[in-house]
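With chain H's structure known, arrange chain W on it following the hints.
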Amino acid sequence: MELHALTIHELQEKMKSGAVSSAELTRSVFSQIDKVEDKVHSFIRLMREEAMEQAVRADEQIRQGDIRALTGIPIALKDIVCTRGIPTTCGSRILQNFVPPYNATVVEKLVQAGAVFVGKANMDEFAMGSSTETSFFGPTRNPWDLERIPGGSSGGSAAAVAADECIASIGSDTGGSIRQPAALCGVVGLKPTYGRVSRFGLIAFASSLDQIGPFTKDVEDCAIMMNVLAGYDPRESTSVRAEVPDYRQFLGRDIQGWKIGIPREYFIEGIDPEVSAAIARAIETVRQCGASIVEIALPHTKYCVAVYYIIAPAEASSNLARYDGVRYGFRAADARDLAEMYSKTRRQGFGPEVKRRIMIGTYALSAGYYDAYYGKASQVRALIRRDFDEAFAQCDAILTPTSPTLAFKLGEKTDDPLQMYLSDVFTISANLAGIPGISVPCGFSASGLPIGVQFLTGHFEEGKLLQIASAYEKSAAVEKRRPAL
Amino acid sequence: MKLSTADVDYVARLARLEVTQEEKEKFTAQLNDILLYIDQLNELDTKGVAPMSHAIAVTNAFREDQAAESLGTANALANAPDARGEFFRVPKVIE
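Keeping their order, the protein sequence lines are chains H and W. Mapped onto our numbering, the consecutive letters of the first sequence carry residue numbers 1 to 485. Mapped onto our numbering, the consecutive letters of the second sequence carry residue numbers 1 to 95.
Bound-form chain H, shown alone:
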């Protein structure tokens, strides 16, 4: 197999023994990018020169015996994390020329771990979308079928891993933006507990929901990435001072005697029959691993999307108030006064989905409506969280489909925002409750599109999450295919 198709742990073995250098690996990744990027469009910006320099430095470190968690491994970054001196656009015209003066904490951590940065991955504008079609820089396509979307909002990060344009990548997840594209692209994607990974330098969308997490080719790589990303950051007031275990210790442990909850509310009308069949097989696999299956109730599930589409736009309308053409980013020309400069800048700088959410959020927070919308949604959010607390009293982990459908076609849902929102129906609840979730590949449709299974655990139980994901992955032994590009 070519180097770019391998996993972090496989490549680390080869680099440690001197069989492969990071420079060779990085060249292999860029040769794959040269071959497929025109078709997939995973990236807003490639960092070829920087990556080659970092690879040479990594090889020097390896020679000196300084081998860290990700030394020499090519990683893609969603273009929502700030990179010092490298433009960071958030998929938006309004930040097209923004060059951050500092690195996000996760970028610093990856640098410290020895990673090589391949480029900045494409995304829905301000992470608002489920298909990567709202990017100002054009859509990313699903490597498994170029007529279809890769999911979103971290579609570029997911597609880049699936298409072997990097070995692993970073995404962010506000309502499913890591797990849904991971499922639709056939890779592993984990959203950590709220507070587990620092968001310093993550361009804010909805601050009570946003989390950063990894995309990888398998569960072991996911644990390796989490070892680097997790931890308290004094620069991020919502990051939590909780101990970070070595997540690799959870790999390969069995789940004998575990209770796995199947929420009846997640098996609704409208799920693609091929998704249902794949999930039924996943449940059977987990049972064969020695776990018992228990039916659980998450009674407020049907309200998750409605709650999310108040809370996320309300927080976004506030967070995005900073884009006014004064301190950074795009400014519209020819305004007669300051107020006109603001409103013209925002009209020309934001795309339709971002405007729509700013409008919903502004309305929901406006005088006279706050209690009816944001207040009500925050109360229902408390009920959703209580559902999970009660569920985890009865089971160790929850198993659900990640996405109700297979990857849909480009343009299929762009004119119907509500239909687009409903594609996150199984992932939003974890953000509202603040719990961690992972999507693991669980098979393919007859047409060859990937399907993902989602596992959820309680707050700060990423270890258990990786344990069940790795036990499932090993036992299911889903065929290792690569997309034909």
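Don't read these hints as lab results, they were simulated from the structure. In this text, a Cβ means the ideal position worked out from N, Cα and C, and glycines have one as well. Every clue listed holds true.
Some, not all, of what chain H presents toward chain W, calculated at C-beta under 7 Å:
1) PRO101
2) TYR342
3) ARG347
4) LYS376
5) GLN379
Under 7 Å between C-beta atoms, here's a sample of chain W residues computed to sit facing chain H:
6) VAL11
7) LEU14
8) LEU17
9) PHE27
10) ILE38
11) LEU41
12) VAL49
13) ILE56
14) ASN75
15) VAL90
16) LYS92
Chain W alone, transformed into the frame defined by chain H:
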């Protein structure tokens, strides 16, 4: 219809967002669809439920009040669409 085009106009002004007539009509229809969907929350009796503002229990995060390195004027102004000297420059605010 919960929202009229006049409401959309008002909200757009609050959001400092210029909208075209075409956008106004499109947003009115789409926002009404979304608000109608959101209305299902009113099926639930939430009397006495404490609203949840954070996913996990967080308290104020304090640090020692010590001066530390900051961005510096040049860095802070580097991305400005229009800067002069040590200032951001904007169109006139008052007549």
